[in-house]
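J.: Sequence:
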Amino acid sequence: MLRFAQLCEAVAATTKKLEKRKLVADYFRQQPIQTASLAAIFLSGEVYPAFSERTLNVGGAIVWRAVQQLTGRSEEEMAAAYRRHGDLGAAARDLWPADFTGSVLTLPDLAKLFDDVASSRGPALKQQKVCDLLQQCSALEAKYAIKLLVGDIRIGMRESLVEEAIAAAYEQSEQSVRRANMLLGDIGETLRLAAEGRLGDARMRLFHPLGFMLAAEVKSSDEAVSYIPGPHVEDKYDGIRAQVHCGEGKVRIFSRTQDEIGESFPELIPVLESAPEALVLDGEILAWSSLGDGTASGAALPFSALQRRLGRKRVTEKMMRDVPVVYVAFDVLYAGGELIIDRSLAERSEILTRVLNAFTVHRSELPATARGAAGSFQPNLFADDSAEPDFPRVLRAPCSRAASAADLDALFLEARARGNEGLMMKNPASTYAPGRRGHAWLKMKRELATLDCVVTGVEFGNGKRAGVLSDYTFAVRGPGDRLMNVGKAYSGLTDAEILEMTEWFKSHTLTDFGHSRLVEPKIVLEVAFNNIMRSDRHESGFALRFPRIVRLRPDKPPEEADTVMRVEEIYLSQHRTE
DNA sequence: GTGCCTGCCCCAC
DNA sequence: ATCGGACTAATTCGG
DNA sequence: CCGAATTAGTCCGATGTGGGGCAGGCAC
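Sequential numbering from 4 applies to the first sequence in the numbering used here.
Please note that the accuracy of each hint is not assured.
Within a straight-line C-alpha distance of at most 35 Å, the following computed DSBU-like cross-link-like pairs (lysine-lysine) qualify [unchecked claim]: (1) Lys467 x Lys222; (2) Lys525 x Lys316; (3) Lys509 x Lys446; (4) Lys20 x Lys446; (5) Lys525 x Lys491; (6) Lys446 x Lys491; (7) Lys253 x Lys115; (8) Lys115 x Lys559; (9) Lys115 x Lys222; (10) Lys446 x Lys222; (11) Lys253 x Lys321; (12) Lys525 x Lys20; (13) Lys491 x Lys448; (14) Lys467 x Lys20; (15) Lys467 x Lys19; (16) Lys559 x Lys509; (17) Lys222 x Lys253; (18) Lys19 x Lys115; (19) Lys448 x Lys467; (20) Lys525 x Lys559; (21) Lys316 x Lys222; (22) Lys115 x Lys20; (23) Lys19 x Lys222; (24) Lys321 x Lys467; (25) Lys25 x Lys467; (26) Lys491 x Lys316; (27) Lys115 x Lys525; (28) Lys316 x Lys115; (29) Lys491 x Lys509; (30) Lys525 x Lys467; (31) Lys19 x Lys509; (32) Lys446 x Lys559; (33) Lys467 x Lys491; (34) Lys321 x Lys448; (35) Lys509 x Lys525; (36) Lys467 x Lys559; (37) Lys491 x Lys559; (38) Lys19 x Lys316.
FYI, nobody ran anything at the bench for these hints, they're computed from the structure.
Kindly produce the complete structure, drawing on both the sequences and the hints.
T.: Put into structure tokens, the structure is as follows:
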């Protein structure tokens, strides 16, 4: 493990990708395959391969206490070390007892110890297992063991660069490595095949998730057309991206992190089970407010409704009634017994329409007790109690072709009128590139008004933002011009601006809590966001979804900041259309 | 023992 | 989700 | 036409809000 930690140090020391790739490739070649294979996973910043649903259930808090227990340091010493580095692993290295000399663990040993942590139940036991692990580490080894435990390795290398390093190490094409990893969902196994020159053996396995193709954002229809002249267009839904594998009477639904989420959406299962053949579909799970006419007509509910269905282990009938869900499919990756990601979107789109029409079950009946029951469900769900409460559960995402930017603008407005987020625009000639973000798929979302807010509190950042005040809590004016917080934001400023702000806040601090500070309410920020929600997180009673700083407003005095009233107006206006 | 709250983790966007 | 920063490959520019 | 300068394509790291599950503590 010492060699691995040294490698990580070297990789972290350079920002050059080619240099990182070479360092790692050389390391892979020097190590036994078993070790190189584990290193490939660890260098990606993961403890388990992507396809695995195993989690450690250990985070900063538990590791912090374990480090404290092992080193016997005070809270103050720990906090000081953490503040120096913004990283618990780096901090622990400073504090590590000299008699922990380590250097006996191999990577397979380390993997075994991670398993012990993963399989123990409860924070107390996990903390003990973390101690057992760290005890066997030298200071440098502990640094990287901790980084892996808390899930932030911060060496400027993730799975994508590890793929490149594997290709370089074993003289395989980058493309074949990426493809094998995509099919296997296991970078360690991919390395093994690459080393043995058997990348071509990797096969798509039904009921094992593939990566999701992602979209680049565009700001305007003109920009969209510059990438794709005649795009295939769909609404952009505010739901949960989901990959469905079905066939052989089985169904698995996978989330973007390749976890199985079918359990949370039992009403979709019988419909998907009726697929005419083995399929892999890509689509979105939506909370759906039906008109109650037995058809799919209706509208998507806001994401917050869907969120209540998410991650549930036990789904009650009431939940299914209160927040009905549908699966809207927009792509097909496997059909006719083969992977079809290399066919064009135009072709896949036709296949999708055909296979969805061949489903034999379209609606899953809710149990009779749920039907028409006088419950506390939201009044707009069904027209009346006698209405058929079920409707088609698996839909084909409506799509069209745009010929111009003007077409797109019209479609965008229609999508917004339907309560959807905006548009997805896809190149009809493009293949499906799992796990990649490119300009073959574009997304365009609504622009919402921005707010001018006053910074009231600041915090030190983590990692590379250690030592700078990079995290800002901001407020709007409430009754009597009293400032009321509405949110926090960290992104949008350049490093230079953050540095400048850090200096200013340091000399205009009202209260210093160490990690955070209350500051003089003088700095005005223009803040953008995608949504406003009611929330008790902040004093104003509202919170922002995806807040980001558009720019500093040195020209604007805090007395002219926006008000809670305006926040409420925006909140209400977005509700009228959703 | 039951019910409720809190801290923590994970994961959806 | 969001954003800025960094690297590299691809493309355009200047002489 | 060639090397330099600029742009485009991608990757990486830091971090926002909401909600469910689970362990553990506390009141009764």
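J.: The structure should be examined with respect to each hint, and the outcome stated for every one.
T.: Results of checking the hints against the structure:
{"no.": "1", "hint": "Lys467 x Lys222", "verdict": "holds, 29 Å"}
{"no.": "2", "hint": "Lys525 x Lys316", "verdict": "violated, 47 Å"}
{"no.": "3", "hint": "Lys509 x Lys446", "verdict": "violated, 40 Å"}
{"no.": "4", "hint": "Lys20 x Lys446", "verdict": "holds, 28 Å"}
{"no.": "5", "hint": "Lys525 x Lys491", "verdict": "holds, 16 Å"}
{"no.": "6", "hint": "Lys446 x Lys491", "verdict": "holds, 25 Å"}
{"no.": "7", "hint": "Lys253 x Lys115", "verdict": "holds, 33 Å"}
{"no.": "8", "hint": "Lys115 x Lys559", "verdict": "violated, 57 Å"}
{"no.": "9", "hint": "Lys115 x Lys222", "verdict": "violated, 48 Å"}
{"no.": "10", "hint": "Lys446 x Lys222", "verdict": "holds, 9 Å"}
{"no.": "11", "hint": "Lys253 x Lys321", "verdict": "holds, 26 Å"}
{"no.": "12", "hint": "Lys525 x Lys20", "verdict": "violated, 41 Å"}
{"no.": "13", "hint": "Lys491 x Lys448", "verdict": "holds, 22 Å"}
{"no.": "14", "hint": "Lys467 x Lys20", "verdict": "holds, 18 Å"}
{"no.": "15", "hint": "Lys467 x Lys19", "verdict": "holds, 16 Å"}
{"no.": "16", "hint": "Lys559 x Lys509", "verdict": "holds, 21 Å"}
{"no.": "17", "hint": "Lys222 x Lys253", "verdict": "violated, 41 Å"}
{"no.": "18", "hint": "Lys19 x Lys115", "verdict": "holds, 33 Å"}
{"no.": "19", "hint": "Lys448 x Lys467", "verdict": "holds, 30 Å"}
{"no.": "20", "hint": "Lys525 x Lys559", "verdict": "holds, 9 Å"}
{"no.": "21", "hint": "Lys316 x Lys222", "verdict": "violated, 39 Å"}
{"no.": "22", "hint": "Lys115 x Lys20", "verdict": "holds, 31 Å"}
{"no.": "23", "hint": "Lys19 x Lys222", "verdict": "holds, 30 Å"}
{"no.": "24", "hint": "Lys321 x Lys467", "verdict": "violated, 46 Å"}
{"no.": "25", "hint": "Lys25 x Lys467", "verdict": "holds, 24 Å"}
{"no.": "26", "hint": "Lys491 x Lys316", "verdict": "holds, 31 Å"}
{"no.": "27", "hint": "Lys115 x Lys525", "verdict": "violated, 53 Å"}
{"no.": "28", "hint": "Lys316 x Lys115", "verdict": "holds, 29 Å"}
{"no.": "29", "hint": "Lys491 x Lys509", "verdict": "holds, 18 Å"}
{"no.": "30", "hint": "Lys525 x Lys467", "verdict": "holds, 26 Å"}
{"no.": "31", "hint": "Lys19 x Lys509", "verdict": "holds, 33 Å"}
{"no.": "32", "hint": "Lys446 x Lys559", "verdict": "holds, 33 Å"}
{"no.": "33", "hint": "Lys467 x Lys491", "verdict": "holds, 19 Å"}
{"no.": "34", "hint": "Lys321 x Lys448", "verdict": "holds, 33 Å"}
{"no.": "35", "hint": "Lys509 x Lys525", "verdict": "holds, 13 Å"}
{"no.": "36", "hint": "Lys467 x Lys559", "verdict": "holds, 30 Å"}
{"no.": "37", "hint": "Lys491 x Lys559", "verdict": "holds, 19 Å"}
{"no.": "38", "hint": "Lys19 x Lys316", "verdict": "violated, 44 Å"}
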